[in-house]
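Top to bottom, those sequences are chains A and B. Numbering (full-length UniProt numbering) for the first sequence: 1 to 985. Numbering (full-length UniProt numbering) for the second sequence: 1 to 183.
Hints listed in this document are in silico derivations from the structure and should not be mistaken for laboratory results. Treat the numbers as computed from the prediction; the structure is a model and nothing was measured. Don't be surprised by glycine CBs; every beta carbon is placed ideally from N, CA and C.
Just so you have them, the derived chain B footprint on chain A, three or more residues with Cβ under 8 Å: (1) 164 to 172; (2) 595 to 601; (3) 652 to 664.
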Amino acid sequence: MTSYRLDSGGLVNRSYALTFSFDGKSFKGLDGDTVASALLANDQMLMGRSFKYHRPRGPVTAGSSEPNALVTIGSGARNEPNVRATVAELYAGLTAVSQNRWPSLSFDMGSVNSLLSPLLGAGFYYKTFMWPAKFWEWVYEPVIRRAAGLGKMVMEADPDRYEKSWAHCDLLVVGAGPAGLMAALTAARSGVRVILADEGFRFGGSLLSENLNIGGVSAADYATGLIAELASLPNVTLMPRTTVFGWYDDMVFGAVERVQKHVASPSPDLAVERLWRIVAKRAILASGAEERPLVFGGNDKPGVMTAGAVRTYLNRYSVAVGSKVAVFTNGGSGYRTAADLAARGVEIAAIVDARAASEDVVPAGVRVIRNGAVVATKGRKRIDGLVVERAGFQEEISCDALAMAGGWSPIVHLMCQRGQKPVWSEEKQAFMAPDVGSAFVAAGSAAGTDTVSAALRDGAAKASAFARDLGFAAYEANIPDVEGEYDASFAPLWYVPGAKDKAFVDFQNDVHVSDLGIAQREAFRHIEHTKRYTTAGMATDQGKLGNVNTIGIVAGMRGVSPAEIGTTTFRPFYTPVSFGALAGASRGEHAAPTRTSPLHGWAKKNGATFVEAGLWYRSSWFPKEGEKTWRDSVDREVRNVRENAGLCDVSTLGKIEIFGANAGEFLDRIYSNGFLKLPVGKARYGLMLREDGMVFDDGTTSRLGPNHYVLTTTTAYATEVMTHLEFASQTLWPDLDVCFTSVSDQWAQMSLAGPKARAIMSRIVEDDISDAAFPFLAARTVTLRGGLAARLFRISFSGELAYELAVPAGYGEAVADAIMEAGREDGICAYGVEALNVLRVEKGFVTHSEIDGRATADDLGYGKMMGMNKPDFIGKHLSTRFGLTAADRLQLVGLKPIEADKEFKAGAHLLKENAAPSMASDQGFVSSVCYSPTLGHYIGLAMLKSGRERIGERIIVWDGLRNSEVPAEVCAPVFVDPGNTKLNV
Amino acid sequence: MALTLLHRHVLDDHISGFETNANPNHLSVFRRPVIFSVLAKVGQERAVGAALEAAADIAVRTCAPGEWLAVSQTSGSETVAGQLSAIVDASSVDQSDGKVLLTVSGPSVRKILAKCVAVDLHPDAFADGHSTNMLIGHVTGNLARTGADRFEIIVPRSFAGSVFEELMEMGREFALTAAFAGD
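Go ahead and model the full structure; you've got the sequences and the hints to work with.
Here it is in structure tokens:
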């Protein structure tokens, strides 16, 4: 037995044992354990294999920076790879498996890579797999991916729920160690709204791991007292298991809360993870400091871990990581670890101190080797000894664990995520937090304090400064005496010479010192280049442990200060965040909102097939029994509208109600055609241009009163037009007396079209709607039989006699039902947007297929709608630019196949007869195509170079995607009733 | 032939009517509230706002500078239309069918809404009677505080189904129930 649980002490609940499994074997842990501490308590030091060389690895930390002890937790669809065993909270029934090994953890075929390691240095892939180029994608990469890599994804849908939430506070404190707890409490006592977040499942940070006496109680009990008071305050929100991973603009912090990652069966009513966006007026970073590993030969063997981690396993989890522990240190942390271990009866093999002298207290009877260095470690799946060298003399020391203490690096990640880089401090021999302004500061060991008492004072001082700053009466915290502190200072030691095995700087990506040397030699000298060439710092741990050593070693190789090398770039996320949390609830039906028309129920009843149009669900066609394809239905609907009548849902059009004494003037400037003289009770088709002269949108606008209009937009551009109007009114012409609001949702609007439309509408409307009383383009409020007020517009998008009837949305379905009933004897049918499209193409009306942002009014044949004698309108001036008036612009034409049974598709290009099919001979393109049941063949609308001069020309419709060429005749774009005889009846 | 026309609420398809009794956290949908958009003539925003606030039986919801929703649960549409047309320099338009009004209330209401809106709903920041337009889930709507643990939401009719389902999803943790008011 080498690592084991002590009989007493620690912050684990000994009366609550938890059974779990690792690689199929059953283990027992305790409530309060992490997976790593529970495995160590069971003498399971080997937890994984390394990325590249498949070397045996055990935990090197006891926290979130862990590079080695990555396991897959859960099974089936809940399988979660790459979980750090050092932070995974143990629960009953947890199943964990090791990764990156085959066939088993202790016998791994991949470890043959270690034998090939002389070939596998930095840049190996770049140099080796260059030729032939195709081999990379098909051979090299798949093979490398299988051999290297981490845990495996499951290809099953995640069964769990995730969500996102917002939180707001005056002060966000990140980290609940001594500085964070004291900062939160000091601010909270002043009345500040505080959020305290910590990534751990238990608040306290280093207070849980250090053997101290604070104000007469243990550090852990002292923490418990602070937490209890915080929990009792209404202005405090405590967020355990919450990692603040990002700092964004406007003091918004991103955090992920693991709500149910520590339970065997998550409740379906709760999210398993919750992504928080925390808006804070001020923030304190109390994220502590990271202990650096030492870079010596064989520093990656299971059993080698940081001195702080050894203390955490000992004091917090009551686990001795070995029965004979050696220490390799360059500062006080190593001595402290030896003292804590010795006090619990663990034998200390030796303390190897890189320094010549120190004043650290040596536990009684422990041998100290000063000026010493570890150059190699013995053992394979677990360390069983060291080779220590001093002044050329080597000796072997047997041990079953090694605590390494390489000094401390403040964890300043969050403060460096928005462009500022950490600043090297010669005094602290560490990269410190940059000055990021007065709203966000670091406190405690994140700010470089060395002791718990200093951290407590620093947290209190910074919080009370913020409280005053926010206008609260500052509360002066009472900091108790801390007994048993040690001197955590250290002498930097970046590189231990004489290594007899690989000396790793980045454990997770298997980057060792000689890789850094290759990068320098091969000119990848900038630290960002060194990083990418060697992959140091590019693993899922993002170099939390290794980066500072990489920088220190590269500085040493170059003979400069680490300040000159600088750091790589810090970016969110601090630790990995699941895609589930980032997506939150926005998946499946909640991925995007849907909009349903007030006539949705009517369409459903009539058997509609729906199509998603933007967010809308629109009825596309209404299949009847016996119809085999959508075309059967659409052809029937079109014929029926042309012969009898049809009812179509047009509620999705944008509708904007406009008021004001200058509303007419406003519209006159918005539209290219005139609106000043539109009489009350009339509708007019209008064309809107963009400022650059291109057509923006079209629709009808009706004048309902002297200062009252209702404007309609296309479905797709409803929002854009509203924005356009707001911009024009607020910034271009604030002097105009006009105001408007969207009423798109207020009205259910339906189009009744066909020769029998009037007969049917007369049965619904009380008013006289004869051609004389209600002529083409009439627009008025009418009364439906039974008394409901409605708006009736005589407008047509099909060329048929047609009405659009608008009723309050809640009555839409009932009124549509009534129209269908009233039209039954006349053979009415429901028709959808597909038939609507055929009807408009037959009539040569344009939509956004033609108004595609590149067409001018003249291109579309609407040159007469350019009111050039108006003083101004949007788009007027730029529409006269040379390029926009050129004679060879693409102009709207019709197309029909020469052979009536031939088909072509929208998007096809136009070529002159006998021209080579290439874009160099391009004459234009087909914008809309449909089968015309009225004419019995396909027809199309197209944009053709100088198209209007070319009516009658034979042209080739070239579809390069489908590899077809169809001869067609250029014709006028109006295929049906060019004389409008059906409209004016 | 006189038509007998049934008025349908868009959430009829979402609320079955067979829910159990309301839980402490509850979403209530109002069937036929009267809701008008009110717009002020440029320069007269303050006067129109003051006149609106003074109107009897009308709750005023702020949408934008010079734009409000006038909401009444007690008066009829014509009464409200009459009151609004009497306000000088104001234009108004009936949106009763275009907007859906619901209230969410209960001890966890702020936690539920924190999953839907980015705005700080702490009473110090968003006091009783306060209202504004904001993104609610994916949809722009108007949110008003109508009590310590009570908020009113007004959203466009076409989006109401999605907003309703989103609110219910976010309220699942807190056993949020839903029903039409008065049912």
